[in-house]
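Undergrad: We have chain Y; now place chain P onto it with these hints.
Read top to bottom, the protein sequences are chains Y and P.
Each residue of the first sequence is one higher than the last, beginning at 1 in my numbering.
Each residue of the second sequence is one higher than the last, beginning at 1 in my numbering.
The set of hints was computed from the structure by calculation and includes no laboratory data.
Just so you know, even glycine gets a beta-carbon here, dropped at the ideal spot from N, CA and C.
You can take every hint at face value.
Here are the simulated SDA-like pairs of lysine to any residue, each with C-alpha atoms no more than 20 angstroms apart in a straight line:
#1 K220/Y to S112/Y
#2 K178/Y to G109/P
#3 K52/Y to E39/P
#4 K71/P to P191/Y
#5 K220/Y to D86/P
Okay, the calculated beta carbon distance ranges per label pair:
#6 V16/P to T287/Y: 52 to 58 angstroms
#7 A158/Y to L42/P: 30 to 36 angstroms
#8 E35/P to E128/Y: 42 to 48 angstroms
#9 I8/P to D278/Y: 58 to 64 angstroms
#10 P112/P to Q86/Y: 40 to 46 angstroms
#11 T3/P to Q177/Y: 40 to 46 angstroms
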Amino acid sequence: MKRLICVLLMVMLLWGCAPQEQLTQETVFAMDTVMDLKIWGADGEKAMQTVKYLFSDLEDIWSAADADSTLSALNRGEGNLSAEQQAFLAKAEELSLRTGGAFDPKLHGLISLWGFLSDEYYVPTQDEINEALSLEQWNLGAAVKGYAGQQAVERLQALDVDRAILNLGGNVQTYGQKSDGSPWQIGIQDPNGGDALGTVSVTGTASVVTSGDYQRYFEKDGVRYHHILDPATGCPADSGLSSVTVICRDGLTADVLSTALFVMGLEEAAEFWRQSDDFEAVLILSTGEIYATEGAALSGCEFEVIKR
Amino acid sequence: MKTRTWVILLGLLLAVCLGLSLWLLAPGEDAAMAEVWSEGELLYTLDLHVDQTKTVVSGNGTNVITVENGKIAVTEADCPDGYCMDRGFCSSGAQIVCLPNRLVIKFIGQQPLDGVAG
Numbered sequence: 001m002k003r004l005i006c007v008l009l010m011v012m013l014l015w016g017c018a019p020q021e022q023l024t025q026e027t028v029f030a031m032d033t034v035m036d037l038k039i040w041g042a043d044g045e046k047a048m049q050t051v052k053y054l055f056s057d058l059e060d061i062w063s064a065a066d067a068d069s070t071l072s073a074l075n076r077g078e079g080n081l082s083a084e085q086q087a088f089l090a091k092a093e094e095l096s097l098r099t100g101g102a103f104d105p106k107l108h109g110l111i112s113l114w115g116f117l118s119d120e121y122y123v124p125t126q127d128e129i130n131e132a133l134s135l136e137q138w139n140l141g142a143a144v145k146g147y148a149g150q151q152a153v154e155r156l157q158a159l160d161v162d163r164a165i166l167n168l169g170g171n172v173q174t175y176g177q178k179s180d181g182s183p184w185q186i187g188i189q190d191p192n193g194g195d196a197l198g199t200v201s202v203t204g205t206a207s208v209v210t211s212g213d214y215q216r217y218f219e220k221d222g223v224r225y226h227h228i229l230d231p232a233t234g235c236p237a238d239s240g241l242s243s244v245t246v247i248c249r250d251g252l253t254a255d256v257l258s259t260a261l262f263v264m265g266l267e268e269a270a271e272f273w274r275q276s277d278d279f280e281a282v283l284i285l286s287t288g289e290i291y292a293t294e295g296a297a298l299s300g301c302e303f304e305v306i307k308r
Numbered sequence: 001m002k003t004r005t006w007v008i009l010l011g012l013l014l015a016v017c018l019g020l021s022l023w024l025l026a027p028g029e030d031a032a033m034a035e036v037w038s039e040g041e042l043l044y045t046l047d048l049h050v051d052q053t054k055t056v057v058s059g060n061g062t063n064v065i066t067v068e069n070g071k072i073a074v075t076e077a078d079c080p081d082g083y084c085m086d087r088g089f090c091s092s093g094a095q096i097v098c099l100p101n102r103l104v105i106k107f108i109g110q111q112p113l114d115g116v117a118g
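Just chain Y, same shape as in the assembly (with noise of 0.2 angstroms):
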C-alpha cells in the first residue's frame, strides 16, 4: 500500500512538471510585410528555419518589385518554371475563370501603372489603362501570401509541430488545434483603425484572409484611390465595400476570393458564395454595415446574416 501511495504521489509530482508545450516565436519581415510567427512543439525551432526560408524563397521567386526575380523573367519572355511553379500559375488562372475576372493574375502593367509597386502614384489616362490591362504580365500580389501559408502548413506536416499561428501581414493561417481543442479565435480589423472589430472561431488548419480598401492607397487632389484594382475597368474597386474577409481550408483560394468579392460587390459576392462550398465570407461595407455568410462563426459584433 504504501509504495503504491508513493508511486502515486511520485506520478502526481512528476506530472505537474510535464514541459510546457514549446513555443518557438519570431516576427520578420518578409515579402514586402511583417510576419508574426508562433509555432508549438518539439521541432518548433527546426519548423521555424523551414517556414523562413519557404518565405524568403517564394519572395525572390514572385516578387513583381524585384526585377531579378523569377516572375520578372517570365514576363520579360525568359526562363523556366518548375512543375510546383507552373502549378501555383495554373491554380491562379483557374480561379480567375471561377470567379469571373474579378480576380486576374495578369494585372501586372495596371498595379505598375498606377504606381502601386514603386509607391511613385499616378492617376493614368483611360488610353494607359487599355494599354496596361493588354500586356497580360503575371503579379501573384492577391494570391502569393495565402499560397505561401498554405506551402508553409505543408512543411509542418512533414515535421513534429503540433500547431502553429502564421500571421502573414494580415493573412492568418492557422494549423492543427488549440491544445485545450478550442476554436482559434482570429479578429477582423476594423477599417476606420482601432482594435479588431468582431471574431470568427475557426477550427483546425484554415487561412483567414482580409482584403481591404485602408491597406493601400493614395491621395490625388482630394480623391482616394486604393489598391484593389477592378480587371474590367482598370481603376480601384468601387464596389461599396471597405474590406472582405474569407475564410478557407485553401490558402491560395482564401487569398483570390477576398480580392475578388471586393471587386465584386455585395451582392454578386453574396451570389457567388450560394454556388460554392469551400469558403465563408465576411463583408464589412464603406457604411460600416456588416455582412456575414451563415458559417462564418462571426461574433462580437452586430451583422447581417447572407443565407444559403
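TA: For chain P alone, kept in the frame of chain Y given last:
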C-alpha cells in the same frame, strides 16, 4: 508512518494542486502592455496605463508613439505612406506596423485573440 497519515498528506497535496491550478488557469486581467520593436530589436515595454510619449529613431526614419487613456498609437511618422498612423489609438489586436521604418508595436499579456486578419 501509518497509511492514514499518507492518505491525509495525499489529500492535502491534491487540494493544494487543485487550488494552484485554478489560480494559474484563471483568466487574468488584460495586461495592457505593449512592446515597441525597431529593426528587430525590443526598445521599450510600455504600460498602457501610464500616459507617455516615445520617439523612435531608426536607420530608416522616425516615429512618435503616444500612450493615452490605456491606448497606444503612432502619432507622428516620416514614412512615405503613413499607414502606421491610420490605425489610430488601440489597445489590443493586430500589431501596429510601420513597414518603411521597420517599427512594430506588439500587444503582450493575456490576449483574447489568436490573431487578427486585416
